[in-house]
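S.K.: These protein sequence lines map, in sequence, to chains A and B. Quick note: the first sequence uses numbering that gives the first Met the number 0, first residue 0, plus one each step. Quick note: the second sequence uses numbering that gives the first Met the number 0, first residue 0, plus one each step.
Derived by calculation from the structure, the hints in this document are not laboratory data. Among the clues, some could well be false.
Quick list of in silico lysine to aspartate or glutamate cross-link-like pairs, EDC-like style, CA-CA up to 20 Å [as the list claims (entries may be wrong)]: (1) B:K146 - A:E236; (2) B:K58 - B:D276; (3) B:K173 - B:D161; (4) B:K146 - A:D174; (5) B:K146 - A:D238; (6) B:K173 - B:D210; (7) B:K58 - B:D70; (8) B:K146 - A:E132; (9) A:K184 - A:D165; (10) A:K184 - A:D174; (11) B:K86 - B:D210; (12) A:K191 - A:E166; (13) B:K58 - B:D78; (14) A:K191 - A:D165; (15) B:K58 - A:E132; (16) B:K273 - A:D218; (17) B:K86 - B:E64; (18) A:K184 - A:E166.
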Amino acid sequence: MTAARHRGRSILLTSGLAIALAAVLIPFYWLVVAATHSSGEIFDSPPPLLPGGHLAENLQTLQDTAQFGRVLLNSLLIASIYTLCAGAVCTLAGYGFAKYRFRGREPLFGLLMLGLVVPAQVTLVPLFQLMAELRWLGTYQAVIMPNLALPFGIFLMRQSMAALPDELLDSGRMDGCGELRLFWKVVLPPMKPALAALAIFLFLYQWNDFVWPLIVLRDSATFTVPVALASLQGLDETDYGAILAGTAAAAIPMALVFLALQRQFVSGLLAGAVKE
Amino acid sequence: MTVTLTGSETRAVPSQGAAPRTRPRRRVAPYLFVLPALLLFAAFKLYPIGRSFVISLHKTVGGTERFVGADNYTRLMGDPLFWTALKNTAVILAVQVPVMLALATGLAVALDSTLLRGRTVFRLGFFLPMVTGLVAYGIIFSVLLNKDYGLVNWLTGLAGLDPVPWLTDPLWAKVSLGLALTWHYTGYNAVILLARLQSVPAELYDAASVDGAGAWTSFRHVTLPGLRPALLLTTVLSTIGTLQIFDEPYVLTGGGPDNATLTIGVYLYQNAFKYFDFGYASAIAYALAVLIGILGVIQFRFLGEKS
């Protein structure tokens, strides 16, 4: 291939992908624009293409109709607690399965992985009844508890832990380290990138989760962001300016956090994703 | 993969008395590490799975559960709405999933190309929709695709096209659902495929080009076989995801118009949490689980045989 032809192809490919990417990102741009317009303006013809001046008003409406400050706080709290607890459960289990040889290891791990293929809907009704029996309906723990042992998280952690050299553990043991201290002092520090990836994944998963919170949360004061937004959309007089401001408030910070941490996230996720 | 930890190690004994104490502890330790996960899993996954089956054999009559055997399943077989939901789900599976995976494969190959400038920006950008929650993008799309006021119809109107009833016409509603799904998941699948692509040895491409293979031939004989395990993974994940699909139709179209986007997931939800017919909903859930199992086995047979 000549240099000129090579350059020509390079420009062609890059600009082709740039157009595709622009198409993919239009909804994000439009979300930001729409969040700053009133419901009436959003449905003007021609539609607004640049940001307007109604953001504060939209957020105020959101606060008045859906207690959106409280809703954001609920989401933040639930996602944070979930990330911490599920992170601990998945990391401990991943380590146990990756670095110890014990009776029943394979069947127990296989059992957990069953959770990946059994559709969530199968457990929806009995889980709801279980929550009712525990008198947990409407509470945070009803949202948080059922998914703590997330099969994908355990899988991810087992893959990452397997890469940890056994010599490291053995030398720790030779220094007289107990098993729990070994985990805390020797295993966790080098696992930081994998833990970061797991944390981002868990937080995003809980932040965006919809069906389960929708089912167990009763009172609008305990709603999470997706549940609150969906309930607003169901109203007869839907204020789209307000809804889209709420959507932006929920989606844009997540996108920014993800952009900042994406290198760790993608590499951490892929460490577990593609194995033969 | 894992080094045997029990048995006769030839390691030095650190200090007196330490070895006999640590050994039994080391035998118990792994169980303690995996115990929280197993307990939670048993309580919130295994138990509900079993109970779901029991519920599916019951019917709630006047507040009490009555055993009805296979009645719910018999009803399912004769329920036209269930078949509509099944058909809709199958259409998405047959049309949207292959289109999306083909797009993702093309995207992964493009992102892997040395001809591409600014690869990081592209990788990031295409992955971004995945971060957006289902409700959020459902709302965004429902406004963008509004027939009278949406941005999309305004743009196509500039090109002189008639407004498209994206969400209110049975056929177009399916197209809209497919568009939304493709927007959301293509980049994610591309990143999985890309990771696999990067592990295909460069020598294979060199060898192909020495043998005089063109771009298409080397794609067919080097890239595609190399991608096989990742393609299997993305196909299985997309199939499972599509069969369970709920959020998008629920937010975007509510299953309408005229049940055109009613999926098994939405139908299950309606029966359970709108009509509170838990027995029937559980029967739908089990039918779904069986479907996923069958399709999973077929796909592993079909795509996994050579890897």
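S.K.: If a hint holds in the structure, say so; if it doesn't, say that too.
M.R.: Hints, verified against the model:
{"no.": "1", "hint": "B:K146 - A:E236", "verdict": "18 Å, holds"}
{"no.": "2", "hint": "B:K58 - B:D276", "verdict": "8 Å, holds"}
{"no.": "3", "hint": "B:K173 - B:D161", "verdict": "19 Å, holds"}
{"no.": "4", "hint": "B:K146 - A:D174", "verdict": "70 Å, violated"}
{"no.": "5", "hint": "B:K146 - A:D238", "verdict": "17 Å, holds"}
{"no.": "6", "hint": "B:K173 - B:D210", "verdict": "45 Å, violated"}
{"no.": "7", "hint": "B:K58 - B:D70", "verdict": "9 Å, holds"}
{"no.": "8", "hint": "B:K146 - A:E132", "verdict": "46 Å, violated"}
{"no.": "9", "hint": "A:K184 - A:D165", "verdict": "15 Å, holds"}
{"no.": "10", "hint": "A:K184 - A:D174", "verdict": "12 Å, holds"}
{"no.": "11", "hint": "B:K86 - B:D210", "verdict": "47 Å, violated"}
{"no.": "12", "hint": "A:K191 - A:E166", "verdict": "19 Å, holds"}
{"no.": "13", "hint": "B:K58 - B:D78", "verdict": "16 Å, holds"}
{"no.": "14", "hint": "A:K191 - A:D165", "verdict": "18 Å, holds"}
{"no.": "15", "hint": "B:K58 - A:E132", "verdict": "19 Å, holds"}
{"no.": "16", "hint": "B:K273 - A:D218", "verdict": "17 Å, holds"}
{"no.": "17", "hint": "B:K86 - B:E64", "verdict": "31 Å, violated"}
{"no.": "18", "hint": "A:K184 - A:E166", "verdict": "15 Å, holds"}
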